[in-house]
Amino acid sequence: AAGVIQSPRHLIKEKRETATLKCYPIPRHDTVYWYQQGPGQDPQFLISFYEKMQSDKGSIPDRFSAQQFSDYHSELNMSSLELGDSALYFCASSSLLAGLRNTDTQYFGPGTRLTVL
Amino acid sequence: AQSVTQLGSHVSVSEGALVLLRCNYSSSVPPYLFWYVQYPNQGLQLLLKYTTGATLVKGINGFEAEFKKSETSFHLTKPSAHMSDAAEYFCAVSGTGFQKLVFGTGTRLLVSP
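For the record, the sequence lines run as chains A and B. So the first sequence is numbered by the working numbering: it starts at 1 and just counts up by one. So the second sequence is numbered by the working numbering: it starts at 1 and just counts up by one.
For the record, the hints were derived by calculation from the structure and aren't laboratory data. Possibly wrong hints are sitting among the right ones.
Here are a few chain A residues that face chain B, going by a calculated C-beta distance under 7 Å [claimed, not checked]: (1) Pro43; (2) Pro110; (3) Gly111.
Negatives, chain B to chain A, calculated, CB over 10 Å [to be verified]: (4) Ala54; (5) Lys58; (6) Gly62; (7) Lys69; (8) His75.
Quick list of simulated restraints, FRET-style, between CB atoms [claimed, not checked]: (9) B:Gln42 with A:Lys57: 24 to 32 Å; (10) B:Tyr39 with A:Lys15: 28 to 36 Å; (11) A:Glu75 with B:Ala1: 24 to 32 Å; (12) A:Gly58 with B:Leu20: 25 to 33 Å; (13) B:Gln42 with A:Glu14: 24 to 32 Å; (14) A:Glu17 with B:Pro40: 22 to 30 Å.
Using N, Cα and C, we set each Cβ at its ideal position, and we do this for glycine too.
Using the sequences provided together with the hints, build the complete structure.
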């Protein structure tokens, strides 16, 4: 079965640079969530989108922005990178569509490991 | 507001022994509860979930968990540990299946031969 795809898998940036992380949800999934997992930490919710509209916002820095496109993929844009932004960034997807199984479950991608030097 | 507390950052068991990972939740609404497993340098894989209905839920790899409202608990168990079970386990809660997940701090399961 198709899973959530994230790219790139690894990214190395310098301080003050920008980064763009991409997420491709499971086909027919309309909701995307972004989480940040620092070293040795639990995942923290950043932001979510449903049908291309922001549905919820967590502890996402103002330097970060995100959007969901018409094909439901999502991008997380990160500017003025700081050392503390080094983390594993997960995307998860789910669906509100009737008729799909497990519509109440978030399926996670493999993550993008961002290292800021 | 919702939260989960995982008791024990590390749990060590011998292969073949019972696995018990503890999770207590706090929620102002009926909770949706999840257990995810994370292997080193990998993503989060859903083990099992509780939404409504039967309070004993069975998941993959022989794991199960029981929702106990009176104890606000959702402990994860497996009768017999296998070496391949060594990983980080996260308990998570949401208000519905479509809201953000709030994770516990995780429990690292160590399995010795």
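Hints versus structure:
no. : hint                             : verdict
1   : Pro43                            : 5 Å, holds
2   : Pro110                           : 4 Å, holds
3   : Gly111                           : 5 Å, holds
4   : Ala54                            : 15 Å, holds
5   : Lys58                            : 15 Å, holds
6   : Gly62                            : 20 Å, holds
7   : Lys69                            : 18 Å, holds
8   : His75                            : 18 Å, holds
9   : B:Gln42 with A:Lys57: 24 to 32 Å : 27 Å, holds
10  : B:Tyr39 with A:Lys15: 28 to 36 Å : 31 Å, holds
11  : A:Glu75 with B:Ala1: 24 to 32 Å  : 29 Å, holds
12  : A:Gly58 with B:Leu20: 25 to 33 Å : 31 Å, holds
13  : B:Gln42 with A:Glu14: 24 to 32 Å : 27 Å, holds
14  : A:Glu17 with B:Pro40: 22 to 30 Å : 27 Å, holds
The structure agrees with every numbered hint stated previously.
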